[in-house]
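Asks: Here the protein sequences line up with chains A and B, keeping their order.
With the working numbering applied, the first sequence closes on residue 89, and no number is skipped along the way.
With the working numbering applied, the second sequence closes on residue 567, and no number is skipped along the way.
Just to be clear, a hint being listed does not mean it is correct.
[Unchecked claim] The calculated lysine-lysine pairs, modelled on BS3-like cross-linking and capped at a C-alpha distance of 30 Å, are: (1) B:LYS482 - B:LYS236; (2) B:LYS97 - B:LYS113; (3) B:LYS430 - B:LYS217; (4) B:LYS48 - A:LYS28; (5) B:LYS355 - A:LYS28; (6) B:LYS482 - B:LYS492; (7) A:LYS25 - B:LYS197; (8) B:LYS98 - B:LYS113; (9) B:LYS355 - B:LYS492; (10) B:LYS48 - A:LYS25; (11) B:LYS355 - B:LYS236; (12) B:LYS430 - B:LYS236.
FYI, nobody ran anything at the bench for these hints, they're computed from the structure.
Keep in mind that this is a model prediction, so the values were computed, not measured.
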Amino acid sequence: MAKLNLLLLAVLVACALGLVTSQHKARKLFSELEREHGRARELDVEYGRLQLEASTWGLHSRVERIATGTLGMRPADPRRTRVVSRDSR
Amino acid sequence: MSAAAQALVRLPVWRARFVLAALVGAFALLVARSIYLQAMKTDFLQEKGDARYSRLLEVPATRGRILDRNGDALAVSTPVKSIWAIPADAGLSSKQKKTLASLLSIDGRELEKKLSDASRDFVYLKRQVSPEIAESVLALGLPGVHQHAEHRRYYPGGEVTAQVIGFTGVDDAGQEGVELAHQATLAGKPGSRRVIKDRLGRIVEDVEAIRAGEDGKDLALSIDSKIQSLAFGALKAAVEQHRAKAGAAVALDVASGEILALVNVPSYNPNNRARLNGAQLRNRVITDLFEPGSTLKPFTIALALETGQITPATRIATAPGRLTLAGYTIRDVHPAAELSVAQVLQKSSNVGAAKLALALPREAMWDLYRRVGFGAPPQLGFPGAAAGRLRHHRGWRPIEQASMAYGHGLSVSLVPLARDGELVALSLVKTGAGASGDKVLSAESARAVRAMLELAVQPGGTGPRARIMGWRVAGKTGTAHKQENGGYAADKYLASFVGFAPASAPRLVVAVMIDEPAAGQHYGGTVAAPVFAQVMQGALRLLAVPHDAPLEPIPLPGEGEEAKEST
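Just need the whole structure built from these sequences, with the hints factored in.
Replies: Have a look at this one:
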């Protein structure tokens, strides 16, 4: 009987230690997850900012100004443009 | 212990009993206390315990982006920081104050004033500064100076899309335009969750999500930013050239009812709203009322054709070029003895149109107007949409029968003509698909009026300047006297043009309104039609619509080739 009790005690202690370790591990993993979530948010923000930047650089009026001004481009002459519809080759 | 010793120390019995009683009593006290704590004060104690390690976190929702139909951003939120201070805690040296003021680019004296008010616990030093500046403020390590995260909305489109998109306030809630109309979708719902934090403030465990947060959804508008910007440029140039008070233009996709462009002049920069006035904020297309006048004539004629009483060739006596109705005289700019129905439209004859309108059953006309949406606010979900006015047919006066929101009314009245009689609901949000609508006119009448409208932009009509190279155009000019103080102002006009192209298979409807042109010219055909042509040509090219006309340069109308109109 005493032997069994000792064995049970040992098992109990082992379980308790296991619980503590797994809890610790879970918390560590969780804080890592939180960190990654934070990073995801930051990247999202970054994406928004880049998108904003892209729209600002790609503003129609700016593109037009550069195309006609710096690059000396002009709209294609409609007389030399042919519109091809999708189903006729 | 021996028996002798036992006999020696013989304690009185009451002492043992007393000790027992005391122990039992103390135990009972403990039990009572524990019952009290465990059962009666448990909530309070648990709360206290939680307060040591569990924290309630607000999960802010990011406001959704507003995109155009091609996915280009029209409004984006980015996080910014607001710098605030507790004046009593902020004992800054004058050098620190100087650095802070220059970092925040605020006036040194203003900063001094804000920080010297010790009666306040909280004062904003500057709201919405960029994260980089906030970082360097933080690096100064000033006592009593704090910051918190906020969002700021940026509008890359600037003044081009200002009235459509609207803007948000400092608290990130929509205040105008689409931002306000779709506030619920864009804003999302902030969530909150309970977590366990360790000594260092790291989150170690997620206890529960109290409210699941939801980020705002992105909203794709039907606006095409290229056409929008094109229309804005053309309109702005025209408003400046004609020294007009204001202008507005709309472009619609005929197939889906989507609004591809909606522009207003004067405009403002939504990113910097320091100086704003009501005129700039106004989305004239939707919120301003006017009497459609001439531009509604195609509609009246379509109805007249519908009744079967007339055909496009029917002659109408218009001599002597004026008609007095209920004390008000209608005049024609080009008096003629007799005009066909097609010519009435082409020359924009007021007398002819009035005679036609008078011959029509009032009820049918009223019904048609109502079905097209006159007298009701546009169903766009846009704040401040004007309801317009439609008199009941019993109270109709021959002059003013209907008024409706500016551009919306103009463009919507042309949609049934362009769509073979089908009316379709307009949409400011991308639908991406063709829409089906109610039949309000027969296809034959719609086609007949379309052919007449094409005549109206030929030499001899009122709007030859609306023609473009490569595509057949159809449209109608309008030159309305503005209503003022209950009467019509003599020298204040509203020039408009509304039309569609390609005339063989309409794809786009464009409406242009110019308010009070003051540089000598005021006819819709000379002021508004060129803007229409510019916008239409550019938009058709952008959409790669096949040509349906020979590619020959369009000669500008010579003297006398252009008809004028007066309503």
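Asks: All the hints need checking, so say for each whether the structure fits it.
Replies: Evaluated hints:
1. B:LYS482 - B:LYS236: 21 Å, holds
2. B:LYS97 - B:LYS113: 11 Å, holds
3. B:LYS430 - B:LYS217: Between LYS430 (chain B) and LYS217 (chain B) the Cα gap is close to 14 Å, so the pair holds against 30 Å.
4. B:LYS48 - A:LYS28: Satisfied, since the Cα-Cα distance of roughly 25 Å is no more than 30 Å.
5. B:LYS355 - A:LYS28: Measuring from Cα to Cα gives roughly 86 Å; hence the hint is violated.
6. B:LYS482 - B:LYS492: Cα-Cα ~6 Å, so holds.
7. A:LYS25 - B:LYS197: 15 Å, holds
8. B:LYS98 - B:LYS113: With Cα atoms ~13 Å apart, LYS98 (chain B) and LYS113 (chain B) stay inside 30 Å; holds.
9. B:LYS355 - B:LYS492: 26 Å, holds
10. B:LYS48 - A:LYS25: Distance ~27 Å between LYS48 (chain B) and LYS25 (chain A) Cα, so the pair holds.
11. B:LYS355 - B:LYS236: It is violated: about 38 Å lies between the C-alpha atoms, which goes past 30 Å.
12. B:LYS430 - B:LYS236: Given pair LYS430 (chain B), LYS236 (chain B) holds - Cα atoms ~26 Å apart, limit 30 Å.
Hint compliance for this structure: hints 5 and 11 are broken, all remaining hints hold.
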